[in-house]
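> Spelled out, the chains give:
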Amino acid sequence: MPEWIRLIFDTTGFTPGWDRPFGSSFYVWLHIIAALTIWAAFTAVPLGIAVYLVRRPDTPFPRSLWLFAAFLLLCGSTHLMNAVVYWWPAFRLSALLRLLAAAASLATMAVLFARLPQLLRFPSLASLNAQLLHASEARAVLERKLVERSKLLQAALAAGQAGAWSYDFSSRRLNRYPSLSKLFGLPETHATETLNDWIARIDPEEREAAAELIARDFHAAKAFTARYRIVQPDGERRWVTVRGDVVADAAGTVTGLAGIVADVTADRAAAIECARLAAIVRSAPDAIIALNPNGVVTEWNRGAQALYGYAEEEIVGSHVDRLVPKLRRDEFRHHLTAALEKCIVGPLETVRRGRDGRMLPIELVAAPIVDADDVAIGVLTIERDISQRQDSERELRAMNRALAQRSEEMEQFLTTVSHDLKSPLVTIRGFAGVVADEIGPTAPLAVRDPLQRIERAAERMAGLIDHLLEVSRIGRTPNRPALFESKALARELQADLSDELARAQITLEIEDAMPTVFADPTRLRQMLENLVSNAAKYGCPKLPAKIVVGGEETDAEVCLYVRDFGPGVPEQFREKVFQLFQRLGHAGPGAGVGLAIVRRMMQAHNGRAWIEATPTGGTTVWLAFPKEPLEPDDVLDGQ
Amino acid sequence: MTFSTDNNLPPPQSLHFLLIEDDDDHAEIVMRAVGMHRMGNSVHRVADGGAGLAYLRAQAHNGQRQPDIVLLDLKLPGRDGHEILREIKSDPALRQIPVIILTTSPAEADRVKAYDNLANSYIVKPISFSGFRQMLADLSHYWSLWSPPHRSDSG
Chain A
1 MPEWIRLIFD TTGFTPGWDR PFGSSFYVWL HIIAALTIWA AFTAVPLGIA
51 VYLVRRPDTP FPRSLWLFAA FLLLCGSTHL MNAVVYWWPA FRLSALLRLL
101 AAAASLATMA VLFARLPQLL RFPSLASLNA QLLHASEARA VLERKLVERS
151 KLLQAALAAG QAGAWSYDFS SRRLNRYPSL SKLFGLPETH ATETLNDWIA
201 RIDPEEREAA AELIARDFHA AKAFTARYRI VQPDGERRWV TVRGDVVADA
251 AGTVTGLAGI VADVTADRAA AIECARLAAI VRSAPDAIIA LNPNGVVTEW
301 NRGAQALYGY AEEEIVGSHV DRLVPKLRRD EFRHHLTAAL EKCIVGPLET
351 VRRGRDGRML PIELVAAPIV DADDVAIGVL TIERDISQRQ DSERELRAMN
401 RALAQRSEEM EQFLTTVSHD LKSPLVTIRG FAGVVADEIG PTAPLAVRDP
451 LQRIERAAER MAGLIDHLLE VSRIGRTPNR PALFESKALA RELQADLSDE
501 LARAQITLEI EDAMPTVFAD PTRLRQMLEN LVSNAAKYGC PKLPAKIVVG
551 GEETDAEVCL YVRDFGPGVP EQFREKVFQL FQRLGHAGPG AGVGLAIVRR
601 MMQAHNGRAW IEATPTGGTT VWLAFPKEPL EPDDVLDGQ
Chain B
1001 MTFSTDNNLP PPQSLHFLLI EDDDDHAEIV MRAVGMHRMG NSVHRVADGG
1051 AGLAYLRAQA HNGQRQPDIV LLDLKLPGRD GHEILREIKS DPALRQIPVI
1101 ILTTSPAEAD RVKAYDNLAN SYIVKPISFS GFRQMLADLS HYWSLWSPPH
1151 RSDSG
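Listed in order, the protein sequences are those of chains A and B.
Note that the working numbering numbers the first sequence so that position 259 is 259, with each residue one more than the last.
In short: position in the second sequence from 1, add 1000, done, that's the working numbering.
So that you can see chain B by itself, here it is in the shape it has in the complex (with noise of 0.2 Å):
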């Protein structure tokens, strides 16, 4: 994967990410995807639906950065993703955080319910590592191009 600035496009920000994962190995994973392109991506990672609930209401209430990207298993310890993603899509304050369904999960039931719910996008693990890095970097370059206000000092 290259990331190429001949384009005229402006430079990758920096996102942050929430990652809901029980699975200690596949959270590795991720996070070595997000920190690899070292652009001050941070990832908090948390091992169940409730405690990535409690992470992101705690962020709004306390004024702090919420996350840009929430990165959701569906299989999850207590309540699932479903119930996880329905909560935060029903949360006023919460639910234009854009949402990605990672899953090993292909069924078309699963698939139907998430985009019911509202996720943004729906993934089928196991991806490939290369292919999941490239799509973080052109996300973190779409948010580039729409340069929210409250991130443009930590650039």
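If we strip away everything but chain A, and leave its shape as in the complex, we get (with noise of 0.2 Å):
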């Protein structure tokens, strides 16, 4: 122990307080109580100081208060003294203490001085309370601000059928918002997975290339953008876009990433389609020509370079007036007004003016442009050049009324080669009666005869010659085909050779079901006629008989048929009888051509003629129309 301690330590020459007068014991011990009393108070308050300060870090002026403590301490152990002395009279000791405690009051009410300005400046606990008050308000409304930003995401990431991930460095955890599991076809809450999670449900045929771009973009730790083909529970396939950014702490640490998942699908479909439909524009022959609606150029196709000679550059920005005539811009303005209004307009002929200034005969076609609001936002033209078609239709004009003038000089030799052959049957005839008139019928029977046989084979031959002249008209005179109710026309034809049959005791029979035949009435009405009356003269040996009129639909032809009973066709003349003047044998009456004239009509129709054995015995022609016609325009026309 070194010396200075023990000296202060010794009580050499002081005797303890009992020594002293202080009077009756009474105040004494009133003394000492009172001493150790102050004492255990300033001991105890710097006890409270120091856990305060342990408990509390944050505390400001901690080494004011750690000054202060002790200086409380300090005094506190100035007061034991005045109690200890009584029994043990370490007045040195007791002195220090109190140089000590004086020393720490100095220091202490020094450093309070010092700090009393900025213990000033502290705000008051009310004006704390307000500004509290003021902050928990605050901290409402950024709380109701976040909720809303969070609809408002949500809203968009509905809208852009996008969902939302995070990602946290730390647990290597993924978190799936409910948009994202939606968009992914799972149940739409949120959950936490890990990577591999994610990559199993990349497209196969892709997985191992994103995944390892996800792994170098995750571990770069900055945004990126990723895009691939997703497989949904059920196996459907989406085009999504990945995207990502970090997610840093106040400090600026990176913590993690977060972004999110947009479905592309309909945006990559509707970007081919748009690509497709581009090409077609492109490549197509025609010209394509958009126009704003002032009538400003917007897109011109190659086709339009090649019809007009401008090139795309040369033309988009200029009016298109530049390509119309002027006597056709009127004209024009109409079209494009119609097309405005939502019409399509064309295809219609017109003239447009090349880049060389020749006039170009072309057909258009303008339809509008609409935007998603079914707005006219342009026109789109389509133009053809059709001067070829022109020189095919006039020399087609220019053919047909060749063919017409061939066709009538045709019939005017005809007419006249009819004409002067019958004018010597004329005369054999008329002369041959007039002599058998001269010699009277008293005559002999061998003159009589054979001017009887002249009359006849004269009559035969004039007969012979109207039929060729008949079979050569068919085809030529042009009636005009119509689509009408079969039955009917065999209805009317009944009614009127009834009483011819009647007294051939004939029946004619049509059959309920006809069908409708688009043919020449006229023709189709004598067609019938004729093959009644064959039936009848031919196909009807014994009395009475009976002919049947029907009809029958295929696939692509109307078939219409005369039926008999009688003797038949046999096999090897049933193409035979469709020849002009073929007659089986001569027992029956008639030319020979009545067939023949059936067939050159048929083939007028396109259809056919042809003879089959009735399942019964007996013969059955039929005729067969074709179902589409050859021109169109007939039908309508035809009436």
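None of these hints come from the bench; they were simulated from the model.
Keep in mind that this is a model prediction, so the values were computed, not measured.
Virtual Cβ for every residue (Gly too), placed ideally from N, Cα, C.
Keep in mind that the hints are not guaranteed to be accurate.
As the list claims (entries may be wrong) - Label pairs and their in silico Cβ distance ranges:
#1 B:P1092 - A:D496: 17 to 27 Å
#2 A:D512 - B:P1077: 53 to 63 Å
#3 A:A446 - B:G1063: 47 to 57 Å
#4 A:P441 - B:E1108: 32 to 42 Å
#5 A:R448 - B:E1108: 28 to 38 Å
#6 A:E509 - B:S1121: 30 to 40 Å
#7 A:D496 - B:G1063: 42 to 52 Å
#8 A:A556 - B:E1108: 25 to 35 Å
#9 A:Q305 - B:E1108: 53 to 63 Å
#10 B:P1092 - A:R448: 40 to 50 Å
#11 A:P450 - B:E1108: 32 to 42 Å
#12 A:A457 - B:A1109: 20 to 30 Å
#13 B:A1109 - A:R448: 33 to 43 Å
Stated by the list, open to error - Simulated coverage check for chain B against chain A, where a stretch passes if three residues somewhere in it have a Cβ under 8 Å from a Cβ of chain A:
#14 1015-1027
#15 1099-1110
Since each chain comes alone in its own frame, lean on the hints to assemble the complex.
Shown next as structure tokens:
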């Protein structure tokens, strides 16, 4: 123990307090108890301060408070010494403690006055309360805003068919928000999962490559964009775009990534469709030109360049009047207005002027271009060079005229020939008659008979010439075909022939179901009459007899038939009977032109005529009309 | 052919014909048929339509007897039979004269056109000589029934 410490605790020369005159012992004890009580209090307060300081390290001015605690402790120790000296007169220690307490008091006082301005700047408790209240209100506002933002974000994600995600580097877990769950075709809930769960959803075809990119992007911890295809649980494939960016804490440390996944399947399909249309427009041989509502060219394809000679960059931005001859401008403005009112104009024929000034006959169609709200924002015109077509139309017309002329010449020729052929027959028959008349009915049969033969032969020959003329006319006499009920025609025929047939003891039956036929009604009536008359002549050897008119429809043809139950036509003659002047034997009447006429008429209808055996014996003549008329216009014009 | 008088019909009248026919042989046959029943029938024959019209108009102009019947061929040099027919039937002074078309053409178009132009009959040659004569006899008989006053003195 050093000498000076021994000296402090040395009590030599002092006597304990009891030896000093305090009067009665009551006052001594009062003094001792009060001193000890003060000491206890002075010791307890610094202890409380120490506990407080340890528990609340963020208390302002902690060192000042420690000093204050020490000052209190030392003050307390002087009071303790006041009591102790009654038993142990360590006045030196007491003096030292008092000295220390005085020093601590001075230091504390100095520190207190030094800190006072700062302390005074601290807000009062009331103002702190007010501030707190204000802060909590602000916080409530912020929270409301946060909720709103979150709702907005959700709405935006829903509208953009997108879902949100976040990734935390420390937990290595992915947060899948409900919006994203929905996009993945999963129950619309919040979930956490691993990166591998995510990768497992990528289309197997590109999974490996995509996984590498994901690993790279996550490792790099910076903003990224990726695009791949995912497979939903139901097997549907969707194209998605994934965007991510870093999440950092207040200190700027990157703690994770967050971002969105957007479903771009529809965009992709639209883009593909758009590209497809663009390719069609680009490659179309026709001129395809888009105009804005004022008539300024906005699109110009290769077909337009080929037709008019202007390159795209020369014409886009110019008014389309550059192409329209002056006299056609009003007409075109009219079409443009009509198209902007969402009418489809054309196809119609008009004229345009090319780059070289040449007039081009074109066929034009104009249609409105409408936006998503169905508002016309421009006009698309499709234009086609028809000069070649016009040339060939002119050529065709010329050929038709030539043909008509030839046909007329032929008609005249035939008329003349038949007249000239018949004229001598008139003379022969006439004079044979004159001679027969002159010699009178009493002349010898040997003279009268040859004269009669001459007359008959001349008559027969005249008949042949007439028929020949008639056959040659079929197909050149253009009656327009029409669509009508074959049954009505058959009924008409039945009525007209009823007397004749009744006399011949022949019944004409008409089947219940008869098709509608596209034909020349006059010709068809002639044919049916011809066939019925043939059937009556050759198909009814045993009376009373029956003839049936009927019909049926196949996929390609409408067929009519006339059926008898007579001897029938041997198979080897079924074609031959359609030839001119062919008859089976000489038994029956007629010139032998009926079926030839029928066949010619059917040829003129682009149809067929043939003979079949009636199943129960007899002849059935079929007429087949094609269902597709050669000229569709005739259906409209034929009436 | 017989022409009977046992059905109390008046006797047939003599008729005057105008025959417009370019073919001499055909004209000869018609004239023989017309003359055959020898009842004073007369025929004026011309070889083309212009001459036929001129004859008709001259007769009308001179107040002479008009033909009772015109026999008209269709195929004629110059203006054809259709035209002559139209002209006769559009002339108020001539239109009442019956016109019988005598032609080699059996064409429907010719027949329709002739009747459209108010032809009274259409006969396709060759016709049986006896049949034709019968027809003419029937016609003259018909005329006797009609008995126009201007021929009452010429019967």
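> May I ask which of the numbered hints given earlier this structure violates, with the numbers listed in increasing order?
1
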